[in-house]
Amino acid sequence: MHFQNVNKAIWPLIFIIGLIEITGIESLENQPKGKQDVASTEFDYSEEGEAEAAASNNGEPSSKTNPYFETELNVAYATHEGENVTVKCSPKKFNPDKHMILWYNNESAINNGNITLMADKFNVDKNYMLTIYNYNSKTLGTIACEAQPGNSRQTVKIELKAPDNISEKSAAIGINMNYVLAIISATIISTFNHLY
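So that you can map any letter, position 37 of the sequence shown is 175 in our numbering, and since no number is skipped, the others follow by simple counting.
Treat the hints as calculated values from the structure; they're not laboratory data. Glycine included, C-beta positions come from ideal geometry on N, C-alpha and C. Some hints here could point you the wrong way.
[Unchecked claim] Quick list of simulated restraints, FRET-style, between CB atoms:
1. M256 / Q286: 16 to 22 Å
2. Y317 / T280: 48 to 54 Å
3. G220 / S323: 44 to 50 Å
4. S275 / K230: 28 to 34 Å
[Claimed, not checked] Once the Cα atoms are required to be at most 20 Å apart in a straight line, the calculated PhoX-like pairs of lysine-lysine come out as:
5. K259 / K236
6. K226 / K264
7. K295 / K226
8. K231 / K264
9. K259 / K276
10. K236 / K226
11. K264 / K230
12. K226 / K259
13. K276 / K295
My request is simple: use the sequences and hints to build the entire structure.
Printed below as a string of structure tokens:
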């Protein structure tokens, strides 16, 4: 009788542990930060440009107030062709009240502020994040974001692969073989107990 009570308590425990162990993919984030190339900034060093910038920026030169990118390249990832890919543009010193981000596909404007011009292929949300509908590496071309004012640009490279922070578990969808053996053992013991 005592063995039957223990057997009844073990089954729910084995079931719960099995549910916890069954996982297909572990992911730390949806999109990694990605590889980035060496930083490059462009400044207008002309005296005329600095005088105008100082007058319009409370005495600060435009190179100190305009948004800029630390890198010229941002790498994003797509796991397969045909999926929607969302890309973020994150310039330094960006103030949404004073600045805006423009997105380009092969030098054609994707948006004009918060208005998406190519709505059948792209969407730019209120935070200037770009979603590329039905990603196709062969027809997409070059994607770039530009921070205004200042014309600082960053090219976006989309790689077709899983990011490094996603790993698939092997062996029967991640079921730990110890739990499988425990279930088989419990079944044999339970069957043996009912026979005698």
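To see whether the hints hold, each was checked on the structure:
no.: 1; hint: M256 / Q286: 16 to 22 Å; verdict: holds, 19 Å
no.: 2; hint: Y317 / T280: 48 to 54 Å; verdict: holds, 50 Å
no.: 3; hint: G220 / S323: 44 to 50 Å; verdict: holds, 46 Å
no.: 4; hint: S275 / K230: 28 to 34 Å; verdict: holds, 29 Å
no.: 5; hint: K259 / K236; verdict: violated, 28 Å
no.: 6; hint: K226 / K264; verdict: holds, 12 Å
no.: 7; hint: K295 / K226; verdict: holds, 12 Å
no.: 8; hint: K231 / K264; verdict: holds, 18 Å
no.: 9; hint: K259 / K276; verdict: holds, 14 Å
no.: 10; hint: K236 / K226; verdict: holds, 19 Å
no.: 11; hint: K264 / K230; verdict: holds, 18 Å
no.: 12; hint: K226 / K259; verdict: holds, 16 Å
no.: 13; hint: K276 / K295; verdict: holds, 13 Å
In this structure, only the earlier hint numbered 5 is contradicted, and the remaining ones agree with it.
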